[in-house]
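*Asks:* Listed here are the chains, written in short residue letters.
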Amino acid sequence: MSRRKRNPLDTEEEELNLTPFLDVMITLIPFLMLCASFFTVVVLEAKLPTPIPPEKMQDVKIPPPFDLVVQVPKDSIKIFVNSKDPLGAPQYAVDAKDRTDSSSYSDDELKMFHKILVNIKIKYPTEERMALDVIPSLPLEKMSEILDQSRTFQSTDSAINLNPQFKQEMKLFPGLAMKGVYVP
Amino acid sequence: MSAGSGAQVSASKFGRGGAPSQKEIVLNLTPMIDLMTILVVYLVMSFSADPAILANAKDIELSPVKITTEKPKTISVISLSKDQLLLDGKPICPVIVNPKDGFPDFPDSVWSGFFISPLKDALDKVKENAEAIAKIDPSKPFSGEILLDADRRIPFATLKPVLRSAGNAGFRQIKIAAKGIN
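Keeping their order, the protein sequence lines are chains U and H.
Residue numbers for the first sequence follow this note's numbering, so the first one is 21 and each next one is one higher.
Residue numbers for the second sequence follow this note's numbering, so the first one is 50 and each next one is one higher.
Calculated directly from the structure, the hints in this document are not laboratory data.
Treat the numbers as computed from the prediction; the structure is a model and nothing was measured.
Check before you lean on any hint, since a few could be wrong.
Said to hold, decoys possible - Output of the computed footprint for chain H on chain U, the stretches with three or more beta carbons under 8 Å from beta carbons of chain H:
1. 34 to 45
2. 50 to 56
3. 59 to 67
4. 144 to 156
5. 176 to 190
Said to hold, decoys possible - For each label pair, taking beta carbons as the anchor points, the in silico distance ranges come out as:
6. H:Ser166 <-> U:Asp115: 37 to 47 Å
7. U:Gly195 <-> H:Asp173: 19 to 29 Å
8. H:Leu92 <-> U:Thr146: 40 to 50 Å
9. H:Gly162 <-> U:Ser178: 27 to 37 Å
10. U:Ile72 <-> H:Leu88: 49 to 59 Å
11. U:Ile155 <-> H:Glu177: 49 to 59 Å
12. H:Pro148 <-> U:Leu52: 36 to 46 Å
13. H:Glu177 <-> U:Lys117: 39 to 49 Å
14. H:Val89 <-> U:Met77: 51 to 61 Å
15. H:Val89 <-> U:Tyr202: 14 to 24 Å
16. H:Leu92 <-> U:Ser175: 43 to 53 Å
17. H:Glu177 <-> U:Ser178: 46 to 56 Å
18. U:Asp43 <-> H:Pro80: 15 to 25 Å
Glycine included, every Cβ here is placed at the ideal spot set by N, Cα and C.
Pulled out of the complex, with its shape left as it was, chain U reads as follows:
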């Protein structure tokens, strides 16, 4: 057996073989891009009614000092503020036609609803509670839009300049409670 001696002066460069690395990358990137979701997931808070223990019933004020109820039937959004008659005429209403082609509200309808809530907030700046009373057939998409519009001010709302607290906290009516979900 002959043994070949390596010349220490041999200047041949050894190349790093990148082909397997590139193969893996080219497979991995399309796979990840196909699986990835390129949108931001946000959350809308909603509280369920909490039963009041019998011993604390004495402390409860009926009717509460501020009562904002947003009723959502099929073709409108009705807003009651401190109303004694929930079946009566609402103080504010947005005509929201039920479209068969799309389940979401139009931009104009949402803007009008938001504007009404901003005006109520100007009148009652310390209040944050709102009850949502929706019909059973209302899709979650519409409910989410209502919740979205009622939680915070928008940066374009001129009302945020009226009160320093509005500008600082940007809160509209974040204390949302869903009506019709009785939890014993």
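Since the structure of chain U is provided, determine the placement of chain H on it from the hints.
*Replies:* Just chain H now, kept in the frame of chain U:
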């Protein structure tokens, strides 16, 4: 990664005038490898960051919202599509179509009064675990928060028993997952 590595491409006839050239052209792969590495890291990070996306079933299309920017926390997730109800990715019960009103509904076998019994039982266990953790580590108290990851077309009538069951198990802070489009 930025070492001067490259694949060699031999070019013997690239000289002007047809004279064979002995010069070797080296294809520099370094920028491509850098870019790919950054892209893979970004994509893998985007997968691991969002608990809602992890639990998001393929057939759930979230509702689009414009104003809200609050991000979800790592909490238990109820996923509700038109076919299935899941808790933290585990199937709870199928969703059927109610012949009376055409709304998605739950089979008769899972109802227990106003509640969906398997969901309530599973949530009770989640609460028990959370409370056990809170006893060991008081900095992590049971908050009663739950993320609802439901399809945008699901009507409120179908959501009601899910919300009731969650509320009855002690989860009264409902966080509805939505798609931020702003």
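*Asks:* Between H:Val89 and U:Tyr202, does the beta-carbon spacing fit 14 to 24 Å?
*Replies:* 50 Å, violated
*Asks:* Take a look at whether the Cβ-Cβ distance between U:Ile72 and H:Leu88 falls inside 49 to 59 Å.
*Replies:* About 54 Å separates the Cβ atoms of U:Ile72 and H:Leu88, which means 49 to 59 Å holds.
*Asks:* Please test the hint of 39 to 49 Å on the beta carbon pair from H:Glu177 and U:Lys117.
*Replies:* 48 Å, holds
*Asks:* Using the C-beta atoms of H:Val89 and U:Met77, is the stated range 51 to 61 Å upheld?
*Replies:* 60 Å, holds
*Asks:* Do H:Glu177 and U:Ser178 keep their Cβ atoms within the hinted range of 46 to 56 Å?
*Replies:* The hinted range 46 to 56 Å holds for H:Glu177 and U:Ser178, with Cβ atoms some 50 Å apart.
*Asks:* Against the range 19 to 29 Å, how does the distance between the Cβ atoms of U:Gly195 and H:Asp173 compare: consistent or not?
*Replies:* Cβ of U:Gly195 to Cβ of H:Asp173: about 27 Å, so the range 19 to 29 Å holds.
*Asks:* Take a look at whether the Cβ-Cβ distance between H:Ser166 and U:Asp115 falls inside 37 to 47 Å.
*Replies:* 42 Å, holds
*Asks:* Falls inside 36 to 46 Å, the C-beta gap from H:Pro148 to U:Leu52?
*Replies:* 43 Å, holds
*Asks:* Confirm or reject the claim that U:Asp43 and H:Pro80 have a C-beta distance inside 15 to 25 Å.
*Replies:* 18 Å, holds
*Asks:* Verify this for me: three or more residues of the region 144 to 156 of chain U with a beta carbon less than 8 Å from a beta carbon of chain H.
*Replies:* Three-residue rule met by the region 144 to 156 of chain U, so holds; n is 3.
*Asks:* For U:Ile155 and H:Glu177, compare the CB-CB distance with the range 49 to 59 Å and indicate the outcome.
*Replies:* 36 Å, violated
*Asks:* Using a Cβ cutoff of 8 Å, are there at least 3 residues of the region 34 to 45 of chain U near chain H, or does the coverage claim fail?
*Replies:* holds (count 7)
Going through the hint list in order, the structure does not satisfy hints 5, 9, 11, 15, 16.
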